[in-house]
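Protein chains in written order, with the numbering used here: chain A, 1 to 234; chain B, 235 to 468.
Just so you know, the hints here were simulated from the structure itself, not pulled from any lab data. Positions of the beta carbon are idealized from the N, C-alpha and C atoms, including for glycine. It is possible that part of the hints are untrue.
[What the hints assert, rightly or not] Computed Cβ-Cβ distance ranges for the label pairs, DEER-style: (1) B:S368 - A:C141: 26 to 34 Å; (2) A:G170 - B:G266: 22 to 30 Å; (3) B:S390 - A:G148: 23 to 31 Å; (4) B:A412 - A:R83: 42 to 50 Å; (5) B:S390 - A:G171: 28 to 36 Å; (6) B:S390 - A:C141: 21 to 29 Å; (7) A:K64 - B:G452: 49 to 57 Å; (8) B:G452 - A:A3: 46 to 54 Å; (9) A:G32 - B:W304: 51 to 59 Å; (10) B:G374 - A:A49: 57 to 65 Å; (11) B:G284 - A:S226: 34 to 42 Å; (12) A:H179 - B:D308: 15 to 23 Å; (13) A:P211 - B:P324: 18 to 26 Å.
[Claimed, not checked] Listed next, the in silico DSSO-like pairs over lysine-lysine satisfying Cα-Cα at most 30 Å (straight line): (14) A:K169 - B:K371; (15) A:K126 - A:K137; (16) A:K113 - A:K54; (17) B:K403 - A:K137; (18) B:K403 - A:K113; (19) A:K169 - B:K288.
Protein chains: 2
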Amino acid sequence: MTAIRLYDLQVRDDRRPSPFCWRIKYALAHKGLSYEAVPVGLTDIPAIAGGAHKTVPIVEEGGKTFCDSWVIADHLDEAYPDRPRLFGSPTERELCRFVELSLFMSAGRALLKSYVKDIHDHLLDKDRAYFRQSREKLFGCTLEELAGARAEHIDSARAGFDSVRLTLKGGAPFLSGAHPGYADYIVAGFLLWIASIGTAPLLKSDDPLLPWLDRVQGLYGGLGRSVPAGALAA
Amino acid sequence: MTAIRLYDLQVRDDRRPSPFCWRIKYALAHKGLSYEAVPVGLTDIPAIAGGAHKTVPIVEEGGKTFCDSWVIADHLDEAYPDRPRLFGSPTERELCRFVELSLFMSAGRALLKSYVKDIHDHLLDKDRAYFRQSREKLFGCTLEELAGARAEHIDSARAGFDSVRLTLKGGAPFLSGAHPGYADYIVAGFLLWIASIGTAPLLKSDDPLLPWLDRVQGLYGGLGRSVPAGALAA
Chain A
1 MTAIRLYDLQ
11 VRDDRRPSPF
21 CWRIKYALAH
31 KGLSYEAVPV
41 GLTDIPAIAG
51 GAHKTVPIVE
61 EGGKTFCDSW
71 VIADHLDEAY
81 PDRPRLFGSP
91 TERELCRFVE
101 LSLFMSAGRA
111 LLKSYVKDIH
121 DHLLDKDRAY
131 FRQSREKLFG
141 CTLEELAGAR
151 AEHIDSARAG
161 FDSVRLTLKG
171 GAPFLSGAHP
181 GYADYIVAGF
191 LLWIASIGTA
201 PLLKSDDPLL
211 PWLDRVQGLY
221 GGLGRSVPAG
231 ALAA
Chain B
235 MTAIRLYDLQ
245 VRDDRRPSPF
255 CWRIKYALAH
265 KGLSYEAVPV
275 GLTDIPAIAG
285 GAHKTVPIVE
295 EGGKTFCDSW
305 VIADHLDEAY
315 PDRPRLFGSP
325 TERELCRFVE
335 LSLFMSAGRA
345 LLKSYVKDIH
355 DHLLDKDRAY
365 FRQSREKLFG
375 CTLEELAGAR
385 AEHIDSARAG
395 FDSVRLTLKG
405 GAPFLSGAHP
415 GYADYIVAGF
425 LLWIASIGTA
435 PLLKSDDPLL
445 PWLDRVQGLY
455 GGLGRSVPAG
465 ALAA
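Isolated chain A, as found in the complex:
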């Protein structure tokens, strides 16, 4: 087996907030693969692999690089077919895509609006100017203006996870059923992201997402415990 290197977004205090990197950290752990995590700032990404990729996660293995969490997950299932599969079937993979896309629609924009200034404030100094400029262009207003109106965006973002709450209400310990799977890693990635940088709680203290997130954080030797989930809930 060749060495695997994962380029992982780094912010202040060596936190690693990227939701897309989180799902790949869980994917690597699911498959029992060890790797070297290489912390990078946003503005370091163009220097990786000759500027071939614009976002993290990037996985480097055997002289090749793989970018985009879906490309990486497919690569891992293809390169290590004898290890636990991330997608038990092509249908599972499509339905996991639906999970991601439905959460983008129901919660994604509201999450960004709620926490984009927190993300900015946690970035490494060298990354802030680029981030502020690109996000203010995206939203058509300043980060401070977004932060000022965030109470309603947080309410909307919280409600955007209702589909997950209802599914878990069926009684299974994980969104994927009796065992954790990629759909869990997708959703946990979103929440660990907010837990890493949020300065206002996203969830209520009795949210049924919290015991589920605690189970996910406890997987693989407590992989997700490096992020204190306490900041997520009021």
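Knowing the structure of chain A, use the given hints to seat chain B on it.
Frame of chain A; chain B shown alone:
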């Protein structure tokens, strides 16, 4: 093999609009099982199986009755394990539940508000008073008041399918991937329901849902073609 009987909601002109019955008609076809469809009005349901069930679909087989689409789907996979499975894995089943629940959240209430008066108007005469009373209590206003404000509810209901559109944008012919599956039947059930009774179009004529729905309608000898999808789109 014992005979299977499916109690299917009937409305005017012998239309069969129930979204939950549609997914079971597709489930039976997916498994290659033939059945006798028994048309029933809403107010006939308490007379079935000694009043054991409150909703359709109800499947009767070998002297037993099964109610609730999930119970029926599980029964079919359990009773006919040698036929194509509805759920290739327990994870697929959980993710299909997520598909249903996320669409309830994103589109369900807006669909009901948009089309509840159309549903009422298509019911058999004997079913209308019960339906009007229960739905006006649910929404706290008359069906006519809901119908008067439906343009914005239709916009909201249409947007509620964006997660499906985005998933299909990945290029697979079905929501479940290369082959149709229960997630397709869930979503198609919602659309065939509206196509059966709607008097205002839900979709735009260039909606990417339409070619997908056409594929689903064409399955199993054109099972869904009994519903003209033309009424769905402007």
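Now the hints, each set against the structure:
1. B:S368 - A:C141: 26 to 34 Å: violated (45 Å)
2. A:G170 - B:G266: 22 to 30 Å: Cβ of A:G170 to Cβ of B:G266: about 28 Å, so the range 22 to 30 Å holds.
3. B:S390 - A:G148: 23 to 31 Å: With Cβ atoms ~27 Å apart, the hint holds.
4. B:A412 - A:R83: 42 to 50 Å: With Cβ atoms ~24 Å apart, the hint is violated.
5. B:S390 - A:G171: 28 to 36 Å: holds (31 Å)
6. B:S390 - A:C141: 21 to 29 Å: holds (25 Å)
7. A:K64 - B:G452: 49 to 57 Å: Cβ of A:K64 to Cβ of B:G452: about 41 Å, so the range 49 to 57 Å is violated.
8. B:G452 - A:A3: 46 to 54 Å: holds (50 Å)
9. A:G32 - B:W304: 51 to 59 Å: violated (33 Å)
10. B:G374 - A:A49: 57 to 65 Å: holds (59 Å)
11. B:G284 - A:S226: 34 to 42 Å: violated (57 Å)
12. A:H179 - B:D308: 15 to 23 Å: With Cβ atoms ~19 Å apart, the hint holds.
13. A:P211 - B:P324: 18 to 26 Å: At 20 Å between Cβs, range holds.
14. A:K169 - B:K371: Measuring from Cα to Cα gives roughly 26 Å; hence the hint holds.
15. A:K126 - A:K137: Within the cut-off at roughly 19 Å; holds.
16. A:K113 - A:K54: holds (22 Å)
17. B:K403 - A:K137: Given pair B:K403, A:K137 holds - Cα atoms ~26 Å apart, limit 30 Å.
18. B:K403 - A:K113: holds (25 Å)
19. A:K169 - B:K288: It holds: about 22 Å lies between the C-alpha atoms, which stays within 30 Å.
Hints 1, 4, 7, 9, 11, counting from the list given before, are not met by this structure.
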